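Enquirer: Sequence:
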Amino acid sequence: MANEIMNASNSDYICTVDTNSAAGAIAIFNAISSAKSLASIGDEIFTVVDIVTRPSVRSITNEPCTSTYFICDDGNIYFTQSDGINRSINMFIELFKNSGLDIHSGIDMQVVSNKTSKGNTIKSIRVVPKK
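Numbering (this note's numbering), first residue to last: -1 to 129.
Any given hint could turn out to be false.
In silico PhoX-like links for lysine-lysine, alpha-carbon gap of 25 angstroms or less [to be verified]: (1) K121 x K34; (2) K129 x K95; (3) K95 x K121; (4) K113 x K34.
Restraint-style ranges between C-beta atoms, simulated for each label pair [claimed, not checked]: (5) K34 x D106: 27 to 35 angstroms; (6) S57 x K113: 19 to 27 angstroms; (7) N74 x R124: 12 to 20 angstroms; (8) D81 x G40: 18 to 26 angstroms; (9) R85 x S38: 15 to 23 angstroms.
Derived by calculation from the structure, the hints in this document are not laboratory data.
These numbers were taken from a predicted model, which means no experiment stands behind them.
Just so it is clear, CB atoms sit at the ideal spot from N, CA and C, and this is done for glycine as well.
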């Protein structure tokens, strides 16, 4: 049951990893300590098998934020502090939590970047349907 999306949200943070096992604890530790920047893959599609979010602080401004970690089927782990991507993941969890979708079977996702009229970039996540 700990692996299902419906049980993923704990307060304001998300963890789809089974936290009741050594393998789960290792996955979370590795995600937090050795993730690559999500920006490094651009708009490439990646297959997510677990998501972890946790409170953090932006290194440049010292402002509180949420770090979002994507654990992928190919062993890569990506992280971002993007507010837009965090909102997308919160919406993903909310919309799919009762759908029976098993994230561990792999969900294809892609970063989408949109420029605002003021020149800022808003990032979000798009779920890519399986072909």
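Enquirer: Now look at each hint and say whether the structure bears it out.
Expert: Hint-by-hint comparison with the structure:
1. K121 x K34: 17 angstroms, holds
2. K129 x K95: 22 angstroms, holds
3. K95 x K121: Judged against 25 angstroms, a Cα distance of about 23 angstroms means the pair holds.
4. K113 x K34: 24 angstroms, holds
5. K34 x D106: 27 to 35 angstroms: 18 angstroms, violated
6. S57 x K113: 19 to 27 angstroms: 25 angstroms, holds
7. N74 x R124: 12 to 20 angstroms: For N74 and R124 the Cβ distance comes to about 18 angstroms; the hint holds.
8. D81 x G40: 18 to 26 angstroms: Given range 18 to 26 angstroms: holds, Cβ gap about 19 angstroms.
9. R85 x S38: 15 to 23 angstroms: For R85 and S38 the Cβ distance comes to about 21 angstroms; the hint holds.
Violation of the numbered hints given earlier is confined to hint 5; every other hint is satisfied by the structure.
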